[in-house]
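Enquirer: Letter by letter, the chains look like this.
There are 2 protein chains.
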Amino acid sequence: MRSPICEMFGIEFPLLAFSHCRDVVAAVSKAGGMGVFGAVNHPPDLLEEELAWIDEHVDGKPYGLDLIVPTSSVLQAGPVDKDALLGMLPGEHKQFANDVLEKADVSTSGIEDSRREHLHFTDNLTPDGAGAVLDVALSHPIKLLVNALGVPPQIMLDKGREHSVKVGALVGSAKHAAKQVDAGVDVLIAAGGEAGGHCGEVSTVVLVPEVVRAAQGTPVLAAGGIATGTQMAGMMAMGAAGAWCGSVWLTTSEAETSESVKEKMLTATSADTVRSRSRTGKPSRQLKSAWTEAWEAKGPKPLPMPLQTLISEPALRHLDKLADGGHQGAKELSTYWVGQAVGLMNEKETSGQVVQRFKEEFIEAYERLTEALGE
Amino acid sequence: MRSPICEMFGIEFPLLAFSHCRDVVAAVSKAGGMGVFGAVNHPPDLLEEELAWIDEHVDGKPYGLDLIVPTSSVLQAGPVDKDALLGMLPGEHKQFANDVLEKADVSTSGIEDSRREHLHFTDNLTPDGAGAVLDVALSHPIKLLVNALGVPPQIMLDKGREHSVKVGALVGSAKHAAKQVDAGVDVLIAAGGEAGGHCGEVSTVVLVPEVVRAAQGTPVLAAGGIATGTQMAGMMAMGAAGAWCGSVWLTTSEAETSESVKEKMLTATSADTVRSRSRTGKPSRQLKSAWTEAWEAKGPKPLPMPLQTLISEPALRHLDKLADGGHQGAKELSTYWVGQAVGLMNEKETSGQVVQRFKEEFIEAYERLTEALGE
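Protein chains in written order, with my numbering: chain V, 1 to 375; chain P, 1 to 375.
In case anyone wonders, no lab produced these hints; they're calculated from the structure.
Each hint should be verified, as a subset may be incorrect.
Since copy identity is lost for identical chains, a pair holds within one copy or between any two.
[Claimed, not checked] Below, in silico cross-link-like pairs of lysine to any residue (SDA-like), each with a Cα-Cα straight-line distance of 25 Å or less:
1. K30 with D99
2. K30 with A372
3. K179 with K288
4. K282 with A294
5. K282 with A297
6. K175 with T267
7. K166 with R213
8. K30 with H57
9. K175 with L266
10. K175 with A84
11. K348 with L138
12. K298 with E201
13. K179 with A268
14. K262 with R213
15. K298 with P153
16. K143 with I155
17. K282 with K298
18. K179 with F121
19. K175 with G60
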């Protein structure tokens, strides 16, 4: 296909797959799209291991990496004092999380101890930690570095240039798009409010044309709500240079998602997600469950990042394990980030099958327009 | 263009224009689309006058009518006791509305008296009132009757059949779409959460394909966020049979919108709307203003329909007049329903120019896909 994205990365089909699962990343790149590994929570040694695995399995095809490298952060002043962070967690929040679990007959033993294990992600939010992760990343043949939160810091843009790695950024408004273009990013990912994970309020169908106008020629990938090739074609008709999808891979056979959550996603409609602060402290879209409903109805006010994550994540990981073991209460509570596109994800596929389906649906969409125009 | 919507109504271009302004309705129908007059607040005599005007000015082109005919309503038990309704308005709400105005140096004199004038819309919500409006409607050559709220009552479906008038309905979820199809509607309007006025939470880009799947062949119009022909083409690529637009007409030279609000809309971005219960009691999307911000921040809990409307509407109409007279405080408070598409509405056009622009942009979108596919 002809697209600035295909030219930029030497790929056949401008479909980018954001995934925390290395198998998905490699499979999509091999199928003609491009996988982008989400490495937000990886310490350098684990990232090295994951990228080495991808290098071995991607048949030399291009892939990318998604990081959170904040230009400013409360954690900026050197190494993170983990004990101090843990000490900042209010008893009220821990108690509420425990109460929700206990009401569903889920034991909370071990959760408190596991909070410390979840702390390593905070290292990546400091300049030193982010620098170490960037060094690992750039020692691999990545083709794209994406910053998931705000304008990429100068070090990311500079190191990207130095290694001929393109730099991209997610944006949720036309105003932010203009700032990113001024900063010199190579690709904008316009992510609508229907997207899974952290998201804004402007929807994809409005945001994409608005960002294309603001982008002054910088290629724009459409993100948020896209789970089919007809939607991808539709967004490209509106001026996008391709699509960036995250949710659609979560129900593939390769995905990291727990079996219990996969089952829920396959039967969910688009109305079964909620945009809530209860998982990370910032609004993020996720599958509705007894857990999200409890927090929405009666939860204490979510804490600022990264504290709320230290409340929710250990409990949710604990639930995933129990749910996959067949615990009914844990099944009802379990949840994961996903966008409204979940309503269109009704069949279990491999990641390669998803890419192939997108290609076929893209052609169908084009033929539909051809017929409408009587050409 | 070839579309089930073009065949159904004998129109050239499947763009439907929802408007409270008869001039917009006539202009769009004459330009090759189809205007749909929003007559929610019209008593039978005024509706007769408006439709007679359209008949005189539409050059025999087809047009439609949008009503709210609820299948059930709190007002169902006969004629509305207007004094009783006015007596149900809590002092707290009236006082809050007045305080917001007075803080902006806006006199509140006359507002209390004008509440009674705003009461006539409640007549249309009763079965007798709705029947009278339907009788007026069907004495004109309308081609489409749309119910804006829920499944059309049997009388609307029956009378539509009898007069060879197609019946449509707005839906915000796939589940509601299935119910509408079972009830026998001829056209579904899938309205995403980015739409102006009453709206759900599922976005257009997800809702349209989901509703198309649920519609079992019933044609689906895409609504919510659409202000350009490229977006219309994109939605038709995803399976829509055409587009239904409301916001895009609000900044046309014909529109009923106050000059002050028109100016605000032309400079607003997509982030400048809010989905709030403060106008009607149900979530509706409107332009952010000092009024909506005051209600969101500190307003009393919105009242159920139709009471909240009797609080807000008299105050807002009062503000429109003062704002157009140059009152600065009133300008800052003034607002109107509009969708996120407002971010794409940056130039004043006539309604006919909008239709023409949509046609040209539709072709551009198709050519963009043709080029991407290298065909």
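Enquirer: Now tell me, hint by hint, if it's right for this structure.
Expert: Consistency of the hints with the structure:
Proximity of K30 to D99 under the C-alpha cut-off of 25 Å is found in neither arrangement, the shortest distances being 46 Å within a copy and 63 Å between copies. Proximity of K30 to A372 under the C-alpha cut-off of 25 Å is restricted to the inter-copy arrangement: shortest distance 21 Å between copies versus 34 Å within a copy. In the homo-oligomer, the alpha carbons of K179 and K288 lie at most 25 Å apart only across protomers (23 Å), although the nearest pairing inside one protomer, at 34 Å, exceeds that limit. Both within a single protomer and between protomers do K282 and A294 lie at most 25 Å apart by alpha-carbon distance, with minima of 17 Å and 23 Å respectively.
In this homomeric assembly, K282 and A297 come within 25 Å of each other (Cα to Cα) both inside a single copy, at 17 Å, and across copies, at 19 Å. With identical chains, the CA atoms of K175 and T267 are at most 25 Å apart between copies only, with a shortest distance of 13 Å across copies and 37 Å within one. Taking CA atoms no more than 25 Å apart as the test, K166 paired with R213 passes inside one copy only; the shortest distance there is 21 Å, against 38 Å between copies. In this homomeric assembly, K30 and H57 come within 25 Å of each other (Cα to Cα) only inside a single copy, at 9 Å, whereas the closest approach across copies is 60 Å.
With identical chains, the CA atoms of K175 and L266 are at most 25 Å apart between copies only, with a shortest distance of 16 Å across copies and 35 Å within one. For the identical chains of this complex, K175 and A84 are neighbours neither inside a copy (36 Å) nor across copies (49 Å), given an alpha-carbon limit of 25 Å. For the identical chains of this complex, K348 and L138 are neighbours neither inside a copy (34 Å) nor across copies (49 Å), given an alpha-carbon limit of 25 Å. Taking the shortest Cα distances, K298 and E201 sit within 25 Å of each other both inside one copy (23 Å) and across copies (21 Å).
In this assembly of identical chains, the alpha carbons of K179 and A268 lie at most 25 Å apart only when taken from different copies (18 Å versus 37 Å within one copy). For the identical chains of this complex, K262 and R213 are inter-copy neighbours only, at 21 Å across copies versus 37 Å inside a copy, given an alpha-carbon limit of 25 Å. When the C-alpha separation of K298 and P153 is checked against a cutoff of 25 Å, the pair qualifies neither within a copy, at 38 Å, nor between copies, at 38 Å. For a Cα distance limit of 25 Å, the shortest separation of K143 from I155 inside one copy, 17 Å, qualifies, whereas the shortest one across copies, 62 Å, does not.
Taking the closest pair of Cα atoms, K282 and K298 come within 25 Å of each other both inside a single copy (17 Å) and across two copies (22 Å). Within a single copy, K179 and F121 get their C-alpha atoms no closer than 27 Å, and across copies no closer than 47 Å, so neither meets the 25 Å cut-off. Proximity of K175 and G60 under a CA criterion of 25 Å is satisfied in neither setting, with 37 Å inside one chain copy and 45 Å between copies.
In the structure shown, a violation is registered for the earlier hints numbered 1, 10, 11, 15, 18 and 19, in ascending order.
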